[in-house]
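Numbered continuously in the working numbering, the sequence shown closes out at residue 707.
Derived from the structure by calculation, the hints contain no laboratory data.
Built from N, CA and C at the ideal position, the CB exists for glycine as well.
Wrong hints could be hidden among the right ones.
[As the list claims (entries may be wrong)] Distance condition first, Cα-Cα at most 30 Å in a straight line; then the derived DSS-like pairs of lysine-lysine:
| hint | residue 1 | residue 2 |
| --- | --- | --- |
| 1 | 684 | 672 |
| 2 | 564 | 672 |
| 3 | 672 | 704 |
| 4 | 684 | 585 |
| 5 | 637 | 679 |
| 6 | 585 | 672 |
| 7 | 679 | 585 |
| 8 | 679 | 564 |
| 9 | 684 | 637 |
| 10 | 672 | 637 |
| 11 | 704 | 679 |
| 12 | 704 | 585 |
| 13 | 564 | 585 |
| 14 | 704 | 684 |
| 15 | 564 | 637 |
[Stated by the list, open to error] Label pairs and their computed distance ranges (CB to CB):
| hint | residue 1 | residue 2 | range |
| --- | --- | --- | --- |
| 16 | 660 | 584 | 47 to 55 Å |
| 17 | 583 | 690 | 46 to 54 Å |
| 18 | 652 | 672 | 32 to 40 Å |
| 19 | 568 | 608 | 41 to 49 Å |
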Amino acid sequence: MTRVLLVEDEHSFADPLAFLLRKEGFTAAVATTGQSALEEFDRKLIARIRAVLRRGGEGGPEIEGGGGVLEAGPVRMDVDRHVVSVGGADVALPLKEFDLLEYLLRNVGRVLTRGQLIDRVWGADYVGDTKTLDVHVKRLRSKVEVDPSAPRHLITVRGLGYKFDA
């Protein structure tokens with residue numbers, strides 16, 4: 542997810558701009574002074590450098606955390622072992638559902654646009670129908686929700702996309 546640092550001392554400008562940036566799929570950080578902007582930039586830059594060094598200096602987009610175990614709500618995912626459990630019971634997921642769930646779990650509580658999800662899971666060059674995403678979300682819900690018709694974790698945000706709530 543692309544991060545944007547917005548420097549604006551007027552809350553009446555900063556808040557709507559940050560909202561619009563988030564709506565378009567960016568992560569927006571707001572700083573009210575030049576000094577706080579520099580501190581925020583330095584903090585993020587150092588974190589990014591450490592992440593690149595942990596991955597052995599390889600290029601490409603950063604996936605925060607890279608591997609390990611992700612947990613939210615009843616879902617536990619061991620990324621390295623490709624194992625998912627819901628409420629303690631193992632659940633088999635095809636690769637695309639696994640990738641979709643991983644991206645949602647790495648962004649718990651964040652609304653991810655349909656475009657972001659398609660780009661991340663199917664690739665930026667995907668030219669198929671966006672209904673493919675809806676089908677995968679429906680299948681994923683049937684595996685992670687107690688009542689898929691009234692989801693508590695894999696939530697549709699009308700007009701925007703989806704989010705995973707713990």
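Legend entry - Numbered hints the structure breaks, given as an ascending list: When the structure is compared with the hints, numbers 4, 6, 7, 16, 18 and 19 turn out to be violated.
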